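Peer 1: Those protein sequences? They're chains A and B, same order as listed. Position one of the first sequence corresponds to residue 3 (the working numbering), numbered consecutively onward. Position one of the second sequence corresponds to residue 30 (the working numbering), numbered consecutively onward.
These are calculated hints, taken from the structure and not from any lab test. Owing to the predicted nature of the structure, the values given are computational and were not obtained by experimental measurement. Just so you know, even glycine gets a beta-carbon here, dropped at the ideal spot from N, CA and C. Worth double-checking, as some hints may not be accurate.
In silico lysine to aspartate or glutamate, DMTMM-like type, Cα no more than 20 Å apart, as pairs [stated by the list, open to error]:
#1 A:Lys297 - A:Glu266
#2 A:Lys257 - B:Asp49
#3 A:Lys359 - B:Glu69
#4 B:Lys38 - A:Glu26
#5 A:Lys338 - A:Asp362
#6 A:Lys5 - B:Glu97
#7 B:Lys56 - A:Glu50
#8 A:Lys338 - B:Glu97
#9 B:Lys56 - A:Glu26
#10 A:Lys5 - B:Glu117
Derived list of chain B stretches under chain A, where covered just means 3 residues or more per stretch with a C-beta under 8 Å from a C-beta of chain A [what the hints assert, rightly or not]:
#11 31 to 45
#12 51 to 58
#13 71 to 79
#14 107 to 118
#15 143 to 154
Facing chain A, from chain B, some residues (calculated, C-beta under 8 Å) [to be verified]:
#16 Pro82
#17 Val180
#18 Trp181
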Amino acid sequence: MRKLALNDEILLKIEKPARYIGNEVNSVMKDPEKVDIRFAMCFPDVYEIGMSHLGIQILYDMFNRREDVWCERVYSPWVDLDQIMRKEQIPLFALESQDPVKSFDFLGITIQYEMCYTNILQVLELSQIPLFSSERSDEDPIVIGGGPCAYNPEPLADFFDLFYIGEGETVYGELLDAYKENKRRGGSRKDYLEMAAEIEGIYVPSFYDVTYHEDGTIADFRPVNSHAKERIKKQFVMDITDTCYPSSPVVPFIKVTQDRVVLEIQRGCIRGCRFCQAGMIYRPTRERDLEMLKKYAYEILKNTGHEEISLSSLSSSDYSSLKELVLFLIEEFKGKGINISLPSLRIDAFSLDVMEKVQDVRKSSLTFAPEAGSQRMRNVINKGLTEEDILNGAGEAFEGGWNKVKLYFMLGLPTETEEDMRAIAELADKIARRYYEIPKEKRNGKCQITASSSFFIPKPFTPFQWAPMFSNEEYISRAAVVKHAFGEQLNRKSLKYNWHDAEVTVLEGVFARGDRRVGAVLLEAYRLGCLYDSWTDYFDYEKWQKAFENTGASMEFYNQRERSFKEILPWDFIDTGVIKEFLMKEWERALKGEVTPNCRQQCSGCGVLKWKGGVCIEGKN
Amino acid sequence: MKARIKFRKYGVMKFIGHLDVMRYFQKAMRRAEIPIAFTEGYSPHMIMSFAQPLGVGITSEGEYLDIELTKPISSREAIEQLNRVMVEGIDIESFVQISGDKKASGMTITAASDYRVYPCASSRSLEEHIHIPLKWREGIPHFLGENQIIVWKKSKKSEKEVDILPLIYKMHADEDSLYLLLAAGSEQNLKPDLVMEAFLNYMGEPLCPLHYHRLDIRARGEDGAFVPLSDMGTEIL
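Bound conformation, chain A alone (with noise of 0.2 Å):
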């Protein structure tokens, strides 16, 4: 029988055992003796979000394939355990073999949103791995971090080893075997890191320096070890058909956040929204095949038990076989009791047929993302959705019986008036009126019409990338200017607002947009005790003003500055494959107001086309 790390008496204590105890379905249990590398994935946050994450399946189930890997889970301890641990010193384990990760020979740790960058000191401290990549022994696991959040890896610079920029399904292979190479040849850590650096799309953060203006901008970004590149380019996989994909993945025994099956079946997007960060770096839009993702329905909820199922990717609407694939999967599933689930859908006769067949109308309600209220600010972000459309989406979804509609919007956005704020109120006004139109013996009650609102944060490698942000003070009182129009709109006792922290904006754009310089004010919020800051319980803003403090690093200057085009950005080494020069040419336009048509309608020259593949292609074989 399995020897778990933790003992009986504090597994009966803590909440929610099961995080820690391993022996899921489809958990992957191997000989140690007889595979050459450990590899310790890490989603550094609570057990039921980072199972929920579909590309840490999809990195677990393509390692294990390897007979000579073993790669086990790690997950962010819970708070009650996390202080267990640090009292009694007991090292952070992963999942499957509960051995210690730092006898691990690699601690990969997955960056999806920047506040979960305490979790990321949590893992290592609680690993007992140290913190900086420099006082790092050959001992210690190799430190690799990748996910969105490594497009710009300039804040965790000091904190890893190595950096994979991109997708992981390409060189992973390569790092591996460099690692036994390596191995075999009695070289030390550093040996590796540079064979590691000769690897395209990995970056070692070590091997590069940065210097600075006066002004607090970068002077200079280059590197300094003869293996280290100039530049590091994305990498990527062209037919995501032909790809490995998890058709086992782990099953939790808890309830978990995505508890069901989950299909990808396209990456990328052709809308060019600019203010979205996954729209720019998946660039071509690829999708899979339809045969192989019916497919893989069948035998991953054969092999997992799950009772739903649900399509994932950025903009569903826009896989060309959407219709056949929704169809198939009621037709075969609905009728064995499976769910299925619907990502968001572009609202229209056919979204609104599916819907109808999934899901108890009565119950469910609608989701709109407008982002913003006027038809001017929409055309700002590129969002090629207009007032007509949703105005009619939500007029035939009334007819159809639905009275509930949610609306999704930004505030805070580049060239935002007080008139573009009060337009939410105004578009969430006019969906009612619309609901009212219908005949009173014909309409289902009243209607809710829930409208929230975050606060737009620029992200690097999207056009507004050089945008400036406001003050927390400012967003709250756009968050207020918002507030005061629903109040004022005939329908407001069917309207409901609802809007974001501001505190955790603006430790998100620091974050988003640092420089290696705010490693610095990361660490010391941990020093301090900030973790679990995606967790609005946890969350403590004051901790983190008093670590700019104690730091002397400033978040207006990463905040509220309007960056030139001049200006070194922090993450400009790294090669997306969408050029600099589009980026530019859309923020004008964004200025301008101007739409830019997505990548069916017509090529925008964004830069990716070299590669030939994907959207860019279709339809020219």
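Based on the hints, put chain B in the right spot on chain A.
Peer 2: Same frame as chain A, but now just chain B:
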């Protein structure tokens, strides 16, 4: 047609709570392709019911769930198919046909549960058992000879004084453990930790780490004796 499944729960699975065990079995039914029936209606769910929940930390060799089948499957095949998709720590022991009568469900007929209680050297490991103290051995007849044993019983809603003596059907010391046969079911239910707490308290002994292991869940048989729930069914050929 209805079937009753008996399973063991041990090892690390003792940390998986009752609701999660239910979810686990729902998924296991699909993986094993057991022809289980669903309820009618907009969101159909599997027709499945557990005889008795088992507390976190307790191991067992006699847990039960009843299911409704849409077509027959032989006991042998069902056990084989289910065991193929189990994790370490849950083993399917038997699969038998039971009466379709609602009054025959495991939940309804459960009348008693028996347990072994092992004293442990430390609460750090409930697998490392120690000998039964002589004092306990000697104390049991006196404890059971009392007129009543009043304890505070906490439920979700209230807290009240209860005499648990009539609910202890059997209690004696064996070589390495105490044996308990206690009332169980929807009408009267006594948990073993409540008995041990009362016993040690009565003995003036400090509460020590204990490992509870359920042996079986029982119904009252025709002759009045308590028989395992699995005895109320017949093998499907």
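Peer 1: All hints, please: hold or fail.
Peer 2: Status of the hints after comparison with the structure:
no., hint, in the structure
1, A:Lys297 - A:Glu266, "holds, 13 Å"
2, A:Lys257 - B:Asp49, "holds, 8 Å"
3, A:Lys359 - B:Glu69, "holds, 16 Å"
4, B:Lys38 - A:Glu26, "holds, 14 Å"
5, A:Lys338 - A:Asp362, "holds, 17 Å"
6, A:Lys5 - B:Glu97, "violated, 37 Å"
7, B:Lys56 - A:Glu50, "holds, 18 Å"
8, A:Lys338 - B:Glu97, "holds, 15 Å"
9, B:Lys56 - A:Glu26, "holds, 12 Å"
10, A:Lys5 - B:Glu117, "holds, 12 Å"
11, 31 to 45, "holds (count 5)"
12, 51 to 58, "holds (count 6)"
13, 71 to 79, "holds (count 5)"
14, 107 to 118, "holds (count 4)"
15, 143 to 154, "holds (count 4)"
16, Pro82, "violated, 15 Å"
17, Val180, "violated, 22 Å"
18, Trp181, "violated, 22 Å"
Violation of the numbered hints given earlier is confined to hints 6, 16, 17, 18; the remaining hints are satisfied by the structure.
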